[in-house]
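Input sequences plus hints: build the corresponding full structure.
Taken in sequence, the protein lines are chains D and S.
Using the numbering used here, read the first sequence as starting at 1 and increasing by one per residue.
Using the numbering used here, read the second sequence as starting at 1001 and increasing by one per residue.
Everything labelled a hint here was simulated from the structure, so no lab data went into it.
Any given hint could be a false lead.
Computed cross-link-like contacts, DSSO-like style, restricted to lysine-lysine with a CA-CA straight-line distance of at most 30 Å [unchecked claim]:
no.: 1; chain 1: S; residue 1: 1160; chain 2: D; residue 2: 52
no.: 2; chain 1: S; residue 1: 1160; chain 2: D; residue 2: 5
no.: 3; chain 1: D; residue 1: 160; chain 2: S; residue 2: 1005
Please read all numbers here as calculations on a predicted model, not as lab measurements.
2 protein chains.
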Amino acid sequence: MDPEKIFGPRLTVEQVEEGNDLAPRFDAHGLIPAVTTDFESGELLMHGFMNKEALALTIETGEAHYFSRSRQAIWHKGATSGLVQKIRELRIDDDQDCVWLRVDVIGGASCHVGYRSCFYRKVPSGPGLDADAPLELEFTETEKVFDPEVVYPGVENPTKL
Amino acid sequence: MDPEKIFGPRLTVEQVEEGNDLAPRFDAHGLIPAVTTDFESGELLMHGFMNKEALALTIETGEAHYFSRSRQAIWHKGATSGLVQKIRELRIDDDQDCVWLRVDVIGGASCHVGYRSCFYRKVPSGPGLDADAPLELEFTETEKVFDPEVVYPGVENPTKL
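Shown next as structure tokens:
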């Protein structure tokens, strides 16, 4: 599918917010944030970015495609790991500058570290918390779904310091 | 709380991904994306950004604070509308460059247009879809929770074209 055809122009605030035309806004780097949750559990699995082509490919194939900022390339999620994300529902927000992917994950994991979700640690918060040192995170998943050294042999870790 | 004290240094990939220290990564603009879901339903309510101060305020108060890019200011969600987001759980992702807020929303709505969620429209996707014109969105919410002209009188609409 041709992004130039399936994405409409952004003409007015009312058209963007209350209309029926898909008219996404890409930022100065040509990217739109993408939030991916598990269709059944609602769990947040990952947060990534898409460029025009990745969004068009996601729409066309029904499988999540992102744009990898570290590799500066289209990234068909699961192409290396087999952990493909099948779109059950795709949504867009009010001002059309963010998309929401509700997916089924083939193989059950979405995180390159090996956990089901990328969000496997809790941050303490709320009144009464007293801290003058780095806050201590609490793990919410203890078992990895896969071993990243087996699934991504020789692939550089994408995490940047 | 002092962001310089509660956020730790990022020393190694292993420490960031597998450790217990909160060591968030802010981008070149000093921002980290924040994904906000309804604690009970799992519905994605909104996607925003925080700077160091907004994240520290969220942790300290237990209420969502964002950084408004259009206004270039800290934004205590609900300060104008009363639709405060109370943090039930806060999480951070593998490389600590995104946070997940699981919240209860006082008043039941999070979207400035008046809907419960910002993500009130569905994008068609998947094989078999044939399009050479802007794709047609489908509304998933039909009733607004509030009238934005009453809740935000005289406030400029934040949507940018």
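Fill in: Hint check, failures only
none
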